[in-house]
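Q: Below, each chain spelled out in residue letters.
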Amino acid sequence: MTATTHDDVQAVGRLEKPVRWAILAGSAIAAIALLAALGALNPLSVVIVGSLIYCTVLYVAARAVEGARHATDRLVTGVVTTAFLLAMVPLISVIWTIVSKGLDRLDVEFFTFSMRGVGSGDIGGAYHAIIGTILTTGIATLISVPIGLFAAIYLVEYGNKGVLARGLTFFVDVMTGIPSIVAGLFAIGFFTMMLGDVAYQAGIVGAVALSVLMIPTVVRSSEEMLRLVPNELREASYALGVSKWLTIAKVVLPTAIAGLATGITLAIARVMGETAPLLITMGASRAVNFNPFEGSMSALPLFAYSSYANPGTNKEDSLAAAWTAALVLMALVMILNIVARLISKFFAPKTGR
Amino acid sequence: MSTTTAVDPTKTSSLRSGRRFGDAIFSALSHSAGIVILLVLIGVTFFLFWGAKDALVADGSEVRGGAGLIAYIGPLIFGTLLSSIIALLIAVPLSIGIALFISHYAPRRLASGLGYVVDLLAAVPSIIFGLWGMQIAGSAVPSFEFLNEYLGFIPLFSGTVTTTGRTMLMIGIVLAIMILPIMTAVNREVFLQTPRLHEEASLALGATRWEMIRQTVIPFGKSGVVSGAMLGLGRALGETMAVAIILSASGGGYSWELLSANTPGTIAGDIALNFPESFGVERSTLFVSGLALFVVTFLVNMFARWIISRRSEFSGAN
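Just so you know, the protein sequences line up as chains A and B, in that order.
Count the first sequence with the working numbering and you get residues 1 to 353, in order.
Count the second sequence with the working numbering and you get residues 1 to 318, in order.
No lab work stands behind these hints: they were computed from the structure.
Owing to the predicted nature of the structure, the values given are computational and were not obtained by experimental measurement.
Ideal placement from N, C-alpha and C gives every residue a C-beta, glycine not left out.
Some hints could be false.
[Unchecked claim] Covered stretches of chain B (chain A as the covering partner; in silico rule of three or more C-beta atoms under 8 Å from a C-beta of chain A):
1. 32-40
2. 71-80
3. 132-146
4. 229-243
5. 255-262
6. 270-278
7. 291-299
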């Protein structure tokens with residue numbers, strides 16, 4: 001919408017594109033040379049110093065050639081672009097650190113061994129943590145999806161903007177902001193009161209904590225998707241004498257299924273990386289445990305944390321395992337994100353006329 | 001949340017009882033799902049209180065730290081607020097810049113892809129940011145020393161710079177990176193909603209791109225930016241693992257020195273670090289601080305949502 005044509009309006013002169021590119025290249029070279037001389041050459045400092053030089057030079061040049069207003073415009077363009085580049089530096093740095101450090105231990109042993117009885121000689125693996133992640137995330141999904149989906153159906157189909165519906169919308173929004181550690185404390189309090197056992201640690205406690213975090217995300221995304229279903233479809237169904245629940249089950253839900261699946265996948269990806277509630281509820285086990293109702297359990301993020309925090313005798317290997325767990329976790333989260341995008345792309349709701 | 005079991009009046013005259021039965025079941029299921037969610041929220045408050053009750057009634061010398069609840073939780077609340085405010089100060093201008101870049105500066109074809117990249121940043125688990133922050137903390141020490149040397153006259157940057165780099169400022173920076181995506185997403189959304197006619201009118205009057213943004217986009221998006229910042233603040237307040245990893249040792253009391261080893265912890269980080277090894281009244285103390293955290297984040301989030309809902313009521317006028 002903002003074509004470059006407005007630059008010409010009232011311009012006394014004009015800084016042509018080649019000139020601007022030359023200034024950019026000059027500032028980059030100057031920044032690299034300056035930082036190399038100071039011995040502080042890294043991507044972040046190059047972006048900061050380079051854009052500082054570029055903005056200053058461009059502003060002065062534009063002020064001389066194009067006038068003050070256009071100079072300010074160019075300055076802001078430079079600042080805004082710098083802000084974006086600044087945000088990209090940590091993203092690339094995170095990915096680079098995780099991948100380069102995590103690849104060391106990305107071997108068969110990592111996926112097939114647990115940490116049970118691992119002493120100074122062996123290095124063990126994260127098999128037990130992968131099992132734990134699948135179980136806890138799976139149970140959390142089983143709890144959250146029905147509740148979240150039916151709550152969304154309530155909001156869209158039954159709520160009619162009543163008191164309950166408005167309150168629910170508001171509190172679901174507020175609930176998305178519950179700190180994950182508080183969700184963990186809630187689960188502990190709940191199970192301690194129900195079972196009367198202060199030391200109860202099991203996968204199910206972690207799963208309940210995760211579902212507190214997952215439900216609001218499922219409600220929000222499902223509600224949005226159900227609202228996208230055109231009302232004509234519902235009315236057509238009612239006109240044929242189909243009852244309300246059959247309309248929802250056979251018309252509304254199938255139409256929105258791709259969006260629902262996308263939202264649920266993203267919600268799973270979100271809770272999969274949660275560490276804090278699991279840390280205080282499940283007690284990082286070192287052995288394989290298939291029973292979510294008894295005994296402590298581990299999970300990938302928990303394994304990464306405990307390998308880092310309590311390295312045991314061979315620190316090097318333990319830290320390497322922490323990085324690899326982080327890499328596997330990030331890969332899983334990214335894959336789920338991509339799967340979610342693909343679902344919404346290829347199974348888009350058939351809302352066309 | 002009072003009317004709960006009202007049966008849809010349009011369906012009561014239905015002839016086939018099977019259909020009515022299905023409708024009743026479905027309606028009951030979705031009503032109860034809504035009620036369950038509200039119950040969970042009430043339950044969170046209730047069970048936090050329930051866990052906290054031992055410490056609330058206990059003598060000051062019995063709680064963690066041995067000097068009473070206020071003495072224990074005070075510095076933690078201070079640390080939580082301090083780190084979140086640093087994060088907010090860094091993240092607000094950056095997120096406005098990024099959002100403007102994506103909504104008004106980047107080439108159209110790139111914009112949606114860039115938005116997706118920012119969303120990916122939001123998907124990175126917090127433990128990964130923690131490990132990463134721990135890893136890069138050491139390399140930030142030279143810049144911290146630089147700040148200390150030239151800006152040391154400001155109390156915030158005074159004191160002795162720790163050689164590990166695990167400081168309050170580091171936490172603030174990592175938290176800022178973690179809350180950037182959500183704030184950017186909110187800002188981008190409101191900036192894109194600016195009425196096209198306003199923008200074009202401004203440009204037609206000869207405004208440059210920046211003048212157009214200042215005249216139309218910023219006034220329109222102001223409340224959205226505030227609520228985005230509040231959401232980010234809520235996230236930063238409750239962030240646990242990154243803080244727990246980077247500030248593995250804490251307990252500095254009320255210290256304003258951002259660069260020294262003498263740092264207060266944060267509530268969430270403190271709970272994560274100490275919960276597994278504490279029992280009885282000690283554990284109950286952690287519930288009290290969890291309750292304090294819950295109340296603070298709840299208020300911040302409510303304020304943010306209130307701004308958003310107030311805004312959506314009036315935006316129809318535009």
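Q: Each hint needs a verdict: does it hold in this structure or not?
A: Each hint, compared with the structure:
1. Look at the segment 32-40 of chain B against chain A: 8 of its residues bring a Cβ nearer than 8 Å to a Cβ of that chain, three or more, so the hint holds.
2. Against chain A, the segment 71-80 of chain B contributes 0 residues with a C-beta closer than 8 Å to a partner C-beta. That does not satisfy the three-residue criterion, and the hint is violated.
3. For the segment 132-146 of chain B, the assignment as covered by chain A holds, since 6 residues bring a beta-carbon within under 8 Å of that chain's beta-carbons and 3 suffice.
4. For the segment 229-243 of chain B, the stated coverage by chain A is satisfied: 8 residues place a CB nearer than 8 Å to a CB of that chain, which reaches the threshold of 3.
5. Coverage of the segment 255-262 of chain B by chain A is violated in this model, with 0 residues showing a Cβ closer than 8 Å to a Cβ of that chain against a need of three.
6. Only residues whose beta carbon comes within less than 8 Å of a beta carbon in chain A count, and the segment 270-278 of chain B has 4; three or more means the coverage holds.
7. Coverage of the segment 291-299 of chain B by chain A holds in this model, with 4 residues showing a Cβ closer than 8 Å to a Cβ of that chain against a need of three.
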